[in-house]
Amino acid sequence: MKCVTGAEALDMHEEFDLLLLDLRLPDIDGLEVCRAVRATSDIPLIAFASADRGLDRVLCLQAGADDCLAKPYGPRELIARIEAVLRRARPARAATRRTPAVLARGSLCIDPATREVRLNGRLIKLTRKEFDLLHRLAAEPHTVHSRARLMADLWGYREGYAPDARASRTIDTHVSAIRTKLGAPDWIVTVRGVGFRFGRT
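For the sequence shown, position 172 (counting from the first letter as 1) is numbered 172 according to the numbering used here, and the numbering increases by one without interruption.
Keep in mind that the hints were calculated from the coordinates and are not lab data.
Just so we're clear, the structure is a prediction, and the values are computed from it rather than from any experiment.
Where is the CB? At the ideal position from N, CA and C, for every residue including glycine.
Misleading hints may appear alongside valid ones.
[Stated by the list, open to error] Ranges of calculated distance between the beta carbons of each label pair, as one might list FRET restraints:
| id | residue 1 | residue 2 | range |
| --- | --- | --- | --- |
| 1 | 4 | 82 | 51 to 57 Å |
| 2 | 127 | 26 | 20 to 26 Å |
| 3 | 185 | 4 | 33 to 39 Å |
| 4 | 176 | 123 | 19 to 25 Å |
[Stated by the list, open to error] Below, a list of computed lysine-lysine pairs in the DSSO-like style, where the Cα atoms sit at most 27 Å apart:
| id | residue 1 | residue 2 |
| --- | --- | --- |
| 5 | 71 | 129 |
| 6 | 125 | 2 |
| 7 | 2 | 129 |
| 8 | 181 | 125 |
| 9 | 2 | 71 |
Make a model of the complete structure from these sequences and hints.
Structure (structure tokens):
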């Protein structure tokens with residue numbers, strides 16, 4: 001499956017066994033996408049950079065890519081590199097994979113392994129980003145998470161990014177949807193001028 005933007009790649013990469021990433025993206029710097037993916041996932045990742053951008057290839061390897069090809073490249077080379085990366089990744093992933101702990105917050109149960117949320121035993125259907133946002137807040141219930149931190153960690157924006165009106169609306173929309181699906185606004189508390197925190201412990 002092909003993703004056109006970095007945001008789509010960040011939202012969907014956990015569904016796949018391998019990520020092929022072009023560093024030239026229309027919305028987010030490819031290096032930032034690489035760092036964001038590697039911060040939360042051990043998915044095998046091969047990046048692509050222009051042949052005249054040798055520094056980019058070095059930086060993407062430092063950002064966590066398993067390999068980086070110079071463009072243009074041949075299909076046989078790509079297949080060989082994919083096979084090599086997958087061979088290296090399978091035993092490492094099998095050895096390090098652990099079952100994430102289930103979070104229980106009162107009547108709310110969040111299972112990161114199955115990505116299921118249940119309230120009083122009833123399954124609550126959340127989108128991928130809604131789940132990620134709720135899990136982040138519930139995992140640190142006494143921490144106020146800034147908008148900039150959430151945009152960096154969950155949406156892949158660069159470190160120190162100051163959310164503009166569009167980005168703020170994105171977070172607000174997800175928070176509002178979660179509150180609606182959980183049936184009460186106090187599951188997530190808005191801390192004015194700062195960000196959000198989990199509302200029930």
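Here's how the hints hold up against the structure:
no.: 1; hint: 4 to 82: 51 to 57 Å; result: 21 Å, violated
no.: 2; hint: 127 to 26: 20 to 26 Å; result: 22 Å, holds
no.: 3; hint: 185 to 4: 33 to 39 Å; result: 35 Å, holds
no.: 4; hint: 176 to 123: 19 to 25 Å; result: 20 Å, holds
no.: 5; hint: 71 to 129; result: 32 Å, violated
no.: 6; hint: 125 to 2; result: 25 Å, holds
no.: 7; hint: 2 to 129; result: 19 Å, holds
no.: 8; hint: 181 to 125; result: 8 Å, holds
no.: 9; hint: 2 to 71; result: 18 Å, holds
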